[in-house]
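*Asks:* Chains as they are written, first to last, in the working numbering: chain A, 79 to 426; chain B, 31 to 498.
Just so you know, the hints here were simulated from the structure itself, not pulled from any lab data. Computed from a predicted structure; not experimentally measured. Note that CB positions come from ideal geometry on N, CA and C, so glycine has one too. Some hints here could point you the wrong way.
From chain B, some residues computed to sit far from chain A (all C-beta separations above 12 Å) [claimed, not checked]:
#, residue
1, Asn74
2, Val406
3, Ser417
Derived, one-sided and incomplete: chain B residues facing chain A with beta-carbon distance under 10 Å [claimed, not checked]:
#, residue
4, Ser103
5, Ser381
6, Leu411
7, Thr420
8, Glu437
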Amino acid sequence: MKPKKNTLRADGANAGLPGAKRSAPPLVADLFSVSSTNCELKPLPEVSTVAAAAARPGMAGLEAQPMFSQRLAPPIAAYALRITRETLPAIDLDIRQVKAGGLIYLEITAETGSTANIWEKITAAGWAAVIVNLRLESQCRITYAASQTAAPEAGSWALRQANVAAGAEMTWFDLALQGSLTASEITTYLTGERARGAIYGIFSGSGDEVRHLNHRVEHLASRTESNLLTRGVLGGRSRADYRSLIRIAPDAPGCRGQEREDTLLLSPQARIESLPELEIRHHDVACSHAVTATRLDPERLFYLQSRGLDASAARELLVRGHIFAILDALPRPGLRRSVSEFFLSRSH
Amino acid sequence: MKPATPITTPSRVLYDEPDDGRPRFCAAPGLSASVVRRISAQKNEPDWMLNKRLRALELFVKTPLPNWGPDLSKLNLDEIVYFVQPEAAESKSWAEVPADIRRTFDRLGIPEAEKKVLAGVGAQYDSEVVYHNIQADLARRGVIFCNFDTAVREHAEIVKKYFMTQCVPVNDHKFAMLHAAVWSGGTFIYVPKDVRVELPLQAYFRLNARQGGQFEHTLIIAYEGAEVQYIEGCSAPRYDVSSLHAGCVEIFVHRGARVRYYSIENWSKNTYNLNTKRALVDEAGIIEWVSGNMGSGVTMLYPASILRGRGARSDSLGVAFAGPGQHQDTGAKAIHAAPDTKSTIRAKSISTGGGVCSYRGLVRVGSHARNSAVSVSCDALLIDDASVSTTHPCMKIAANEVDVAHEARVGKIGEEELFYLQSRGLSEEQAIQLAVAGFIEPIVKALPLEYALELNRLIELEMDGSVG
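Use the sequences and the hints to build the structure in full.
*Replies:* Listed below in structure tokens is the structure:
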């Protein structure tokens, strides 16, 4: 069967499609849209309030974020997305906020053996909140890139989690690029043997921007592997709070886990707080973590200038070098280009 | 070749059996203003000290227990005896120390040679220092090394200026408040300007009364350009009722001075070891911490260095060992508050038989600390599948001309390593002991010889029977 390109809209416009029922919960128009082929999008009628979403396993903590709970209130829009082996890998989720304070709850199921590259774009003009609950059946490979480029005066809050079955692989890209305040919490539960989870991040701050990143991997099955790598660039009076945790369960032998975070501090007023944690409850393990905070190396700057680059070009090149490991690993050329352009246009 | 058998077969009993030492004065269990007044009266303290104690007690009562870290719910503060004084009065020489007390120290293995050679031996029997000796030439050079109670009487001006004021203030945290209220005994070291004490000074502590509390205070002041090393070893017998140790160490490292502080803590398995250790380091001063934590049921100990002068340095080396039922929550703190400051932290931990080792560290680089460097590394070894290791390093960086690096690794002993050693004729147990000894070697290397031996022996003893 030849895949047919469709644009599925979450505002009810695609009600004619299989699975999308008329008895949808109250929708906020133009909240977001999904473009892909051969994936099913269904409204979830049973989730109608923030509390209900927060009560789902692993979703606690929503109320505990006062800065958001004050700004966010229902309505909530909830959808289920199903990825099958027929789905074309590239899936775009465009999250646009029309009405301030809306929240989107998205449940994604990837069926056995499927593959997808999801690109979630928060381009809201106001405050946006997203809860994503991913379930990976065995042997599937999902990459989920979330780029937060909210309007400079707005912000976003996101809680994302994945449950990864045996042999499946989950890769997150957490791109906290723009917005006065972005907070992102990602948790991967490796529940099946030999499941793999990676969380990569880039954060960028300038002016008075604030970034919160919290990345966690729970190793709940044997021979599971995780890799956490985040690179940050902070200028102006921006602040970032990076937390990470690798936890190995007592009955999960043979696990491997590594976490690393490197921050480049471009101004004396920028601040970074890092708390990378390990919690190991099985001895057959190899885990490590590392954190660095550095400035632009004056010798490298000097060298580049001696080769004919002007000061700002030299600086730009070193900043790009700092984030390159993750930039290069981004799954979609369009995403790579957009992050790259973002860094070119931004003066930290 | 047959592998060498250890010369001594150490036994935990040596460290865990109480002596029948008779206390001369023993406060009733529990804490109240009258207990504090009695402690103070017993010591003939000046009013300012009594007032400080009472103020600390007030704060202590108001302050809740910390809501983070290990479980302290089994610690019953009302059951603890806050002051115990042994029969012996302070003695001038080793021979005058009562025989049973001397036997205790001999069993702990303060080597004969050490007694004679080392600059001074201050031994804390329960809450009072019973033995103190300073070599004559040290006294001649103006070095003061004495029991802290004595210092309060004889060096009141210095003590008043430094005791729990700017380094560890009375209101610092719950157990610092408790310490300030009921402190007893400890060591006072004062090294005048440009005096270098070549041999390490040392004291050996032993907690030896049922429900005994130990609240010794150590104050070290190294004036400009001075140099001193201080060794503190602790060992306590095992009892059924939870004991508490809440000591406090304050170190002042003035301009260009250098202090090295060693401690091996081996409290009995039911002791709560909630210790506060902190150093204030001025311009170009150096503080070095070397610590080993083996005993205790629960340990919370994070030696802190506050680098407040330009070019100040701190170096922290630590090893923690957690066996069955133990929780070692240890780490180090480095606060960079001046330019060109440098800190290194190296921590190693071993968990076996269900023990829990946590590294909890803080590195804070303030906005004034330009051109500072921080390096933290912690390694954890897990011996069996019941054991737990956690790492909570917190880095707060508010300056950009800095280099901060932290790394940690957790793993088990390499199977190939063990296989190789066994193929060379070692038993599995010996192979594991050798691998563990290799793991902590960088820390052990920093210790004076006799302490290095003791540390290795203690770990061997703790590992005994943990294999198979």
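*Asks:* Out of the numbered hints, which ones does the structure contradict?
*Replies:* As far as the earlier hints go, 2, 3, 4 are violated by this structure, in ascending order.
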